[in-house]
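Engineer: Quick note, the sequences are listed as chains Z and X, same order.
Taking my numbering, the leading residue of the first sequence gets 2, the next gets one more, and so forth.
Taking my numbering, the leading residue of the second sequence gets 1348, the next gets one more, and so forth.
Calculated from the structure, these hints are not laboratory results.
You may find that some hints are simply not true.
Said to hold, decoys possible - Listed below are the simulated SDA-like cross-link pairs for lysine to any residue, each with C-alpha atoms no more than 20 Å apart in a straight line:
1. 1549/X x 383/Z
2. 1549/X x 141/Z
3. 259/Z x 1514/X
4. 259/Z x 1422/X
5. 259/Z x 1430/X
6. 259/Z x 1499/X
7. 1549/X x 124/Z
8. 228/Z x 1484/X
9. 259/Z x 1459/X
10. 259/Z x 1399/X
11. 1549/X x 140/Z
12. 1549/X x 142/Z
13. 259/Z x 1533/X
14. 1549/X x 126/Z
15. 1549/X x 137/Z
16. 259/Z x 1428/X
17. 259/Z x 1413/X
18. 1549/X x 259/Z
19. 1549/X x 1531/X
20. 259/Z x 1429/X
21. 259/Z x 1561/X
For reference, the chains in residue letters:
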Amino acid sequence: MAIAVHPGATVGTAERSVEGTSTLWHAYTVLLGATCVMVGVYWDISWHMSIGRDTFWTPAHLFIQAGGLIAGLSSGYVALHTTFRGTEAERAATVSFWGFRAPLGAWICIWGCGAMLTSAPFDNWWHNAYGLDVRIISPPHAVLALGIFAICVGAMLLTLAQQNRADDAMRRRLAWVLAGAGGLFIMNFALFLTEYSERRMMHSAFFYQVVAVVFPFALTAMSRAIKLRWPATAATAAYTAIMLLLMWIIQLFPATPKLGPIYQHITHMVTLSFPLLLLVPAICIDIVLRRFGDRWKTYQLAPLVGIVFVLAFLVVQWPFATFLVTNPLARGWFFNADNFVYWMSPTYEAMTYRFDPPRIGAPPFAVDMLVAIAIASVSAAAGLVRGRWMTRVQR
Amino acid sequence: MRRLGALLLAVALTVVETAHVGSPNVLFDGSAGAYPVRVIVRPPLVVPGLAEVIVRTTAADVQRIVIQPVFWRTGVAGAPRGDDMSPVAGQSGTFTGQLWLMARGSYSVYVDVHGARGDGRVIVPVNSVATGRLGLSPGLTTVLVALGLVLFAGLVTIVRAAVGESLVAPGAAFEPAPRRRANVVAIVAVPALALILFGGAKWWSAVDAEYRQSMFRAPAVDPFVGANGQTLRLVVRDTSPYRAILSAVAPDHGKMMHLFLVRWPSMDAFAHLHPAQTDSLVFVTTAPDLPAGDYRLFGDIVLENGTSLTVSNTVALAEAAHSTPSDSDDAWTSNVVAVPARNNAVAPMGGGHGYRLAWAGGDSALPAHSPLDLRFIVVDSAGNPAQLEPYLGMAAHAVVLRDDGSVFIHLHPMGTVAATAQQVFKARDRGDTTARGRLRPEAFADSSMMPMSFTGALSFPYEFPRAGRYRIWVQAKPGREILTGAFDVEVR
């Protein structure tokens, strides 16, 4: 489809700012939808841990679906409105998609909503074919996670495009909103890695390697894209705050398992473990990019970010994990190190009071950490490229 | 794509193997306190999965029925609170409900009946194992493929927009050069995304393969005929990564194994034997005095955790010279005359005293997938119902076998469940499962409740799993002798 170009060729800064404000409601609505989805996902995992998924129609599931629909339908409305009734200025800030026009973030949200809806019959069939949620990470859950991820990305892009176009005052406001969306983005990765980031694994090299796959990418991209002094730090603070609030609030509600066998006789909602201490590596990445981001090339920056991320994370997470696993003070509502799911057998519970032994035949820990640094460097390179792209997004 | 097609085809083929050969559903007839009940449990194909439970009662004063899934390892203390069953509209005394079986292993459905005459409970043991794979229906396949293609095409379009038009300032022209670059990236994205999709398909294949590995496979039994054809030694072993034999074998009706031999394919010789356990999974019996030939063997065992298993194989028996039974409750017959089951049909039972087995199930073909009462009457030579002595604690035993051997079940008037499995669940929650380190379920049995004789009218609850021709053998003790009669039934 041919692109409708405003005859004026370029739009002035003031004009762009006004146009941005007019679609701000959509960015906020999608952010609300993304928040609903992520809160729903957390709540759903907690529901599985405490009550058991006895039906699809749990409130947590409905929250996720509602969030997806809010993001998808509002974006659908924007696409239809812009395509058929949009002003030239509105149409000018959109991209073409199969003959329709909407901002890129809206299309990603619609795609995410479609992926979430597709995952529903697939997941239902999967449960019937292979059993109910034998594992969190399954192909239909991956499709759902992709849909959720897309909605978070869409929420970020809708704000990002406006941030990149806005004047200084508006840009700062949007950057803070973007940091919130970035928090959801990081949370997405953190939740997907739940099965690989249990407390007892936090002294194993594999845990650091898994973490190195995703977080350098996410933090570096944030650090580049968000127009704040401490961008990755702000987004990570949002992630930490959301995770802590959900962890502390949800466990206030009473709950007993509806499914069995029950090994842990819980009386309240069990929530996920204390969030990963990503704040420290995020601060370090912000410092590195502020000092070297403009001068160094990607291939120089990426290894530096990789080293900084792994070392900073190792330095804080390792001793914190020791505290969580071994110190009785960690077992309470604040640090939540006694968040045993109802199906956790006594044998497994005993395993949570010590760290997993190293894998038989595993290379020395230092060698594995070098591997983690290499992984983190590749991840950071991808994040730098994505971050640069994010700074250029206009529509 | 071909791999995905092959996977879909493979998945579409559903395999069912159950603890009782080809007969997964559980039926129990008995009493919950003062209330007569029939309990039907249809376990799920996969675990965790939903079991369907139906309870029927003729008592008019039942107010409420609660069902609870109890896992062997955790007992009642580790079971979720029970669910109220729903009365079925228009069918008085019928209640339905569903229960999640979340773990693999030995379960029981506890059925608590509440009514005007107080409360009563029955325990219905169920094996919770993954026995099948679900196929993708053509409709669902079409929907998923269509949605998948839309998502794929949408993603390529998004990639094109992300590297192209989205980077153009609002109102600025989308120049040919960046447009060309965006098109190139979109074209490159197609194989890249296809590769990711292919990775997803491989992942699915791996999950499917792992699932098949963990599916239930009945343990095998290796028969060895020894001592000039006079003894039969059976060695039972697990056959798959999913271990079915997780605890010791427990006696059921006082016997460590109930072994059935059926001459194959003529089905004209039949034996019900009780091999002695010589080692944990080794059983030995005297070979029955049956004609030489090929026999299908089916051995029923119950484990101390309440699991009921049937092991099966074929064995070639040599002519045994006037063997004496190694167990006083062994019985065999070499000239079974099976009679087609129709109204007033009567089958001979042998034994020389004129006892016969009358079919009391009517004329019509029996329906599959529907709970039935298989009714018989043991009559004496004058045609009157005979009085029966208990045979292994029961009024009678029945064996149902499909003519291709794919369905086998050993029934009692109380249904398909093993009494021992019920007892071990009761004992498990009392906390006195063992005596000298070994479960002694017979010690729990309340023998004072056992009637000294039964009427000749027999009823076996059963649900045929599929259509076909079946033979039913019924064994009872109208005198001092164990006699066998047989009918052939058509199931549609």
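Engineer: Hint numbers the structure violates, sorted upward?
Structural biologist: Those not satisfied are hints 1, 3, 6, 8, 13, 18, 19, 21.
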